[in-house]
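Engineer: One letter stands for each residue in the lines below.
There are 2 protein chains.
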Amino acid sequence: MEFADHIKTANVKDVWLRQPLHPPSRGTLCITGHHLLFSDRGEGSPGQVLLLLRNIDAIEKSVENLLAYSGLFSSAGPSERISGSSGTLTIKCKDLRVLQLDIPGMEQCLNIARSIETLSCLDDVSEMYPFFYRPSDLSLPGQWGLSSPEQHYSQMKELHDRWRLSTVNRDYSVCPSYPSAVIVPKSTDDDMLRKVAKFRQGGRFPVLCYYHRKNGMVIMRSSQPLSGANRKRCKEDEQLLQAVIDGSDKGYIIDTRSSQQAQHARMMGGGFESKSCYGSWKRLHRQMEKGKALQESFIKLVEARGDESHNMDRWLSKLENSKWLSHVQTALSTAGLLAECVERDGHSVLVHGSEGTDSTLLISTLAQLIMDPCCRTLEGFLALLDREWVQAGHPFQQRCAHSAYSHARLQQESPVFLLLLDCVWQLWSQFPLALGFSEALLQRLATEAYASNYGTFLCNNQQERLCSTSLFHNIQCVSYPLPPSPLSPLRCALGVTEKTHCLFQVLLRPRERDHYCNPLYEPTELAIWPSVHPQSLQLWRGFFLRWTQQARHLEDAREEIRNMVIQWGKLALS
Amino acid sequence: MEFADHIKTANVKDVWLRQPLHPPSRGTLCITGHHLLFSDRGEGSPGQVLLLLRNIDAIEKSVENLLAYSGLFSSAGPSERISGSSGTLTIKCKDLRVLQLDIPGMEQCLNIARSIETLSCLDDVSEMYPFFYRPSDLSLPGQWGLSSPEQHYSQMKELHDRWRLSTVNRDYSVCPSYPSAVIVPKSTDDDMLRKVAKFRQGGRFPVLCYYHRKNGMVIMRSSQPLSGANRKRCKEDEQLLQAVIDGSDKGYIIDTRSSQQAQHARMMGGGFESKSCYGSWKRLHRQMEKGKALQESFIKLVEARGDESHNMDRWLSKLENSKWLSHVQTALSTAGLLAECVERDGHSVLVHGSEGTDSTLLISTLAQLIMDPCCRTLEGFLALLDREWVQAGHPFQQRCAHSAYSHARLQQESPVFLLLLDCVWQLWSQFPLALGFSEALLQRLATEAYASNYGTFLCNNQQERLCSTSLFHNIQCVSYPLPPSPLSPLRCALGVTEKTHCLFQVLLRPRERDHYCNPLYEPTELAIWPSVHPQSLQLWRGFFLRWTQQARHLEDAREEIRNMVIQWGKLALS
Numbered sequence: 017m018e019f020a021d022h023i024k025t026a027n028v029k030d031v032w033l034r035q036p037l038h039p040p041s042r043g044t045l046c047i048t049g050h051h052l053l054f055s056d057r058g059e060g061s062p063g064q065v066l067l068l069l070r071n072i073d074a075i076e077k078s079v080e081n082l083l084a085y086s087g088l089f090s091s092a093g094p095s096e097r098i099s100g101s102s103g104t105l106t107i108k109c110k111d112l113r114v115l116q117l118d119i120p121g122m123e124q125c126l127n128i129a130r131s132i133e134t135l136s137c138l139d140d141v142s143e144m145y146p147f148f149y150r151p152s153d154l155s156l157p158g159q160w161g162l163s164s165p166e167q168h169y170s171q172m173k174e175l176h177d178r179w180r181l182s183t184v185n186r187d188y189s190v191c192p193s194y195p196s197a198v199i200v201p202k203s204t205d206d207d208m209l210r211k212v213a214k215f216r217q218g219g220r221f222p223v224l225c226y227y228h229r230k231n232g233m234v235i236m237r238s239s240q241p242l243s244g245a246n247r248k249r250c251k252e253d254e255q256l257l258q259a260v261i262d263g264s265d266k267g268y269i270i271d272t273r274s275s276q277q278a279q280h281a282r283m284m285g286g287g288f289e290s291k292s293c294y295g296s297w298k299r300l301h302r303q304m305e306k307g308k309a310l311q312e313s314f315i316k317l318v319e320a321r322g323d324e325s326h327n328m329d330r331w332l333s334k335l336e337n338s339k340w341l342s343h344v345q346t347a348l349s350t351a352g353l354l355a356e357c358v359e360r361d362g363h364s365v366l367v368h369g370s371e372g373t374d375s376t377l378l379i380s381t382l383a384q385l386i387m388d389p390c391c392r393t394l395e396g397f398l399a400l401l402d403r404e405w406v407q408a409g410h411p412f413q414q415r416c417a418h419s420a421y422s423h424a425r426l427q428q429e430s431p432v433f434l435l436l437l438d439c440v441w442q443l444w445s446q447f448p449l450a451l452g453f454s455e456a457l458l459q460r461l462a463t464e465a466y467a468s469n470y471g472t473f474l475c476n477n478q479q480e481r482l483c484s485t486s487l488f489h490n491i492q493c494v495s496y497p498l499p500p501s502p503l504s505p506l507r508c509a510l511g512v513t514e515k516t517h518c519l520f521q522v523l524l525r526p527r528e529r530d531h532y533c534n535p536l537y538e539p540t541e542l543a544i545w546p547s548v549h550p551q552s553l554q555l556w557r558g559f560f561l562r563w564t565q566q567a568r569h570l571e572d573a574r575e576e577i578r579n580m581v582i583q584w585g586k587l588a589l590s
Numbered sequence: 017m018e019f020a021d022h023i024k025t026a027n028v029k030d031v032w033l034r035q036p037l038h039p040p041s042r043g044t045l046c047i048t049g050h051h052l053l054f055s056d057r058g059e060g061s062p063g064q065v066l067l068l069l070r071n072i073d074a075i076e077k078s079v080e081n082l083l084a085y086s087g088l089f090s091s092a093g094p095s096e097r098i099s100g101s102s103g104t105l106t107i108k109c110k111d112l113r114v115l116q117l118d119i120p121g122m123e124q125c126l127n128i129a130r131s132i133e134t135l136s137c138l139d140d141v142s143e144m145y146p147f148f149y150r151p152s153d154l155s156l157p158g159q160w161g162l163s164s165p166e167q168h169y170s171q172m173k174e175l176h177d178r179w180r181l182s183t184v185n186r187d188y189s190v191c192p193s194y195p196s197a198v199i200v201p202k203s204t205d206d207d208m209l210r211k212v213a214k215f216r217q218g219g220r221f222p223v224l225c226y227y228h229r230k231n232g233m234v235i236m237r238s239s240q241p242l243s244g245a246n247r248k249r250c251k252e253d254e255q256l257l258q259a260v261i262d263g264s265d266k267g268y269i270i271d272t273r274s275s276q277q278a279q280h281a282r283m284m285g286g287g288f289e290s291k292s293c294y295g296s297w298k299r300l301h302r303q304m305e306k307g308k309a310l311q312e313s314f315i316k317l318v319e320a321r322g323d324e325s326h327n328m329d330r331w332l333s334k335l336e337n338s339k340w341l342s343h344v345q346t347a348l349s350t351a352g353l354l355a356e357c358v359e360r361d362g363h364s365v366l367v368h369g370s371e372g373t374d375s376t377l378l379i380s381t382l383a384q385l386i387m388d389p390c391c392r393t394l395e396g397f398l399a400l401l402d403r404e405w406v407q408a409g410h411p412f413q414q415r416c417a418h419s420a421y422s423h424a425r426l427q428q429e430s431p432v433f434l435l436l437l438d439c440v441w442q443l444w445s446q447f448p449l450a451l452g453f454s455e456a457l458l459q460r461l462a463t464e465a466y467a468s469n470y471g472t473f474l475c476n477n478q479q480e481r482l483c484s485t486s487l488f489h490n491i492q493c494v495s496y497p498l499p500p501s502p503l504s505p506l507r508c509a510l511g512v513t514e515k516t517h518c519l520f521q522v523l524l525r526p527r528e529r530d531h532y533c534n535p536l537y538e539p540t541e542l543a544i545w546p547s548v549h550p551q552s553l554q555l556w557r558g559f560f561l562r563w564t565q566q567a568r569h570l571e572d573a574r575e576e577i578r579n580m581v582i583q584w585g586k587l588a589l590s
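Read top to bottom, the protein sequences are chains P and F. Here the first sequence is numbered in my numbering, starting from 17 and rising by one per residue. Here the second sequence is numbered in my numbering, starting from 17 and rising by one per residue.
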């Protein structure tokens, strides 16, 4: 089906647009396959508003028959009545902006609404805008991603004694959500990895995600072991973890579920590393909410933020009730615990919950920011996100399908990535000099994860993103025959990395880099230990209250600082 | 009694000091008449800590008999037992810092505690430190205050047609808490003012505090009329207010009590301006908490801030329960209402509650900041505080006698001035470019109001501050015989303005000015309307969480911006 089939009314004149921070303006509304475009003709007006339909989370219609006011017993026929009426569409965006359109003509209004409803949530990834976005200053295929696992491994020479790069997953058959290459202990061969993968949910066997140069300790991550009610064991899994320890006294396992949840998971076929089988590992349980609970928390917070009652007690009580800040606190303190194990106590740590695609990534990312100065530069941070979220298989497509307004409650939505950005913002605001990027970057990423011109956050993992040619290329590199690929041809043909542009690459171009760097950045080699006192954690106003006058003033101030630094740089050079 | 009489132990060696943001250090503790001095001898230590005893709000003793651990049945005699023991003093300061001293020797510890308890709350103003503070770079008598009422009046030529400067209060007999000169309608002579003063609580007859150049409207302030249960009237009071209106359609009275509270006040001899007697004035009631309720809110917030449970829900619930942010919201929204009446609706406004020395000053000050760009410079803001708080008779000595820790609950304490500074901080953080001063200034003022080297916040009004010679000088200026002065000779002899230094003057010296100006300041002629959405108001972490690592990092960042601006200025000049 063509986009045009979904568009009955493509243009409407004399539409009133009401949006935050601007006076209402009158103009023409157009709907295209991917955009809602509003062009006005007034002076001092915003000019054009171009909104990705994908950014629309919910739409509310309110149709009002104008003739009702001019007398119900008018002599006009029914068709005239309809044409004389008007409708209002309230458009709630995934980036929390709310727009209102007053559209003349009830039928036109309903047509527009229907088009938006259909086109804003197309399921077919290949029809999404990143496949159509062709800016003149970018060419395809461009460089995609910031660093491959191969490059990452080759840069870390210190690792090479004890760790190797395995391509056991080169065709994504061992673990569909892992990248094609991962770092594992040298003593663990690919056959062992295949066995371990069968013992871990979704095949996510333990892999290295961080090497702490100061003391040689590592962070590993995986999914839960499938020990099940029968307490099944996997010798290779135990050997792999033993190889991680390699002589040092012990390692820690941080399980992002409560002990009770982990017990319960065993009844359902999942499980945890029991003391008897993994004697060198000490398990710590820290319950982190994810999935539905987190999504509901997000929805409650956004609802509270929209409360217009001007009642301070009610606001604070709703803020408390949303639990969002509690989730921020738990994430930061669990990440702090992880960093403490590695940096202060000198132990290696394995992190997992159940799937190992959400909370696991959240705390491993935060711990790396806390410990590793290289992750705190603009490039370093984007590369960290690329490794730990995009390549590591956080299912962006499922998690970010809807934001806080949609009434379509699917099971898979969860703002885990947004929670990460919020936690990074807390770090940023507690250490205003230690991070090389700005709050604007975090805001931009929060928007892009939900609706984007770029392909970076499309799909759920690398396998889904790759195209058949690159898979083919991969096959050429290996020396022994492969099992038949489990991928459907359609999936293989997506070609995100060849047919879309990469957000991370774009954010590192000079102009964007100027905008997204922190003008006050002063690198420090020290770990940055966040305070997790509730008194120290704040609502991320830059995101949650973004479309308000107050946020605008703060942005002005930041812009002022940035300009000053740029001017200063010029003066210093001249 | 001499200070020395209160000091039994002046020096103790081997004292351990624990304070926020520093490692513990060992050194010598000295007590003088006004200070607690700790000098340590270690490397990398804070060196010296000099604390005004006046800054100490509460002291907790915990004495520990060390011999108890070495065996109760020791052969040592009782005196040896005492000398072998030690004590810990927890010192809670008015600026919310908490220090801990481990002092060897129980008797020495108790002596130190007793000295601090007595010397930290001496009642006699003339014995306070500002009368002894003699820095080498300041000489006495210096310039005191930023502008006299006479200067203020003479600068506002636009006023002179309709307003005059009255010296009816030159000997403080008409209104003890007013300055010697005030601005009143030209048509109201001094005899009328004397009658009006008798009809207003504490003699605080309506005076002009702000003239809005854009439309000629004014803000007046006063105390409540003493109409009482018999609905007494005062013709002169009615005439004075009528003269304020002078032909324009009407004025507003903002009463900072609820309508019910105002009714209740009438039963107690106070009252409000009834519609029948003040036909041109429309009364608006906005209940603002002050006095005990505000003090309790402050205490609850400080208690919540010290909660160590790491429980986000409990913190948010305690924050809500303290109601502090509700008071901030009410103050800002009432000030916004006042500014709206003057700036948007073009009406003159009279503000009062009961005494007219607390909430009244709070909202008139905030409204001036909102409307008048001149009040937003560093000088302008200090001059505003000088006029509206120091000269206008906010009883600093009573209100700021104790802060949030003291167990001595007196009736008169109330953190109204602190609430003002918090509200100004909210404005500052909502409009980071519009105010010419920095958060550091607000922090400094919050500290100085409670304990200071300077005389600015001593006493409760100008009468108490003046010395006999300046009163004499005042008498020389007037042409007709004065009634006998009601002032006691002791009060007259205080001489704050001659024998102490003025904080405001010191804050405007070049070095301090550099430190307290806002490097991002960009003056705007526009009114700055604060958002009073509860979502927009934040805890003033710079004050309430000041002695934490987090606050330190934020100060570092501010310092960085400041240095950048200074460097930039130098480069631009060279």
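Be careful, since some hints might not be right.
Note that the list lumps identical chains together, so a pair holds whenever it fits in one copy or between two copies.
Below, computed lysine-lysine pairings styled on DSS-like, alpha-carbon distance capped at 30 Å [stated by the list, open to error]:
hint, residue 1, residue 2
1, Lys334, Lys316
2, Lys248, Lys291
3, Lys24, Lys316
4, Lys316, Lys248
These aren't lab readings, by the way, just hints derived from the structure by calculation. Because the structure is a prediction, the values reported are computed rather than measured.
Engineer: Against each hint, give a clear statement of whether it holds in the structure.
Structural biologist: Evaluation of the provided hints:
no.: 1; hint: Lys334 x Lys316; result: both (8 Å within a copy, 20 Å between copies)
no.: 2; hint: Lys248 x Lys291; result: within (14 Å within a copy, 86 Å between copies)
no.: 3; hint: Lys24 x Lys316; result: neither (36 Å within a copy, 61 Å between copies)
no.: 4; hint: Lys316 x Lys248; result: neither (41 Å within a copy, 55 Å between copies)
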